[in-house]
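J.: Line by line, the protein sequences are chains W and P.
Going letter by letter, the first sequence gives residues 1 to 113 in our numbering.
Going letter by letter, the second sequence gives residues 1001 to 1113 in our numbering.
I should point out that these hints are in silico values taken from the structure, not numbers from a laboratory.
Glycine included, C-beta positions come from ideal geometry on N, C-alpha and C.
Treat the hints with care, since some could be wrong.
[Claimed, not checked] Facing chain W, from chain P, some residues (calculated, C-beta under 7 Å):
hint, residue
1, P1008
2, R1041
3, G1042
4, L1043
5, H1045
6, L1048
7, K1100
8, F1103
9, G1104
10, Q1105
This is what each chain is made of:
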Amino acid sequence: AAGVIQSPRHLIKEKRETATLKCYPISRHDTVYWYQQGPGQDPQFLISFYEKMQSDKGSIPDRFSAQQFSDYHSELNMSSLELGDSALYFCASSLGRGSEKLFFGSGTQLSVL
Amino acid sequence: SQQGEEDPQALSIQEGENATMNCSYKTSINNLQWYRQNSGRGLVHLILIRSNEREKHSGRLRVTLDTSKKSSSLLITASRAADTASYFCATVPIYNQGGKLIFGQGTELSVKP
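Please model the entire structure based on the sequences and the hints provided.
T.: Right, here's the structure in full:
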């Protein structure tokens, strides 16, 4: 079975540009989580969605927004990019909001120049 | 780190030796999980231990949990070069119904052939 798919795999942007990251969860998974991992850092929780509604919010900057669509895929929109936004962005999915096990995608490596 | 601290931050051992990594966390938890991450890649779930469990085994992995000390350890026995990766502990706080994981800082394990 296919795992969590993230696109693009790599993304290079200039400062002040915008970026959109996409996440396609495992089939039938209704919950999506977004994490940001800076170089040498632990993954930091950004935001999650359950059944297309925002479920929880972490340290997500106001410049970022996200949503989950009717087919359960999710997009993370990032505007006014800063150098510090350079990081690996992970998406994870689970079946149910209280599920114990999350399945992670391979991540999108964003580089802001 | 949002939640836990891990030690050591880096560990270098010879193939065949055992590797022990420790993790501490701050809040009461529902469960604690260990993940593995190869360089720049996605996070792979290794093992989960619930707050009412003290020890769990899975293949060459052994996890212990001490809720009174808010700490956990991951033991990898008979290590292999392929075990080289970063290892993170992650907790699901007891107050959190959304299922999000809070990660510790990770231990970078290097197993030399």
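J.: Which numbered hints does this structure break?
T.: Number 1 - this is the single hint that the structure violates.
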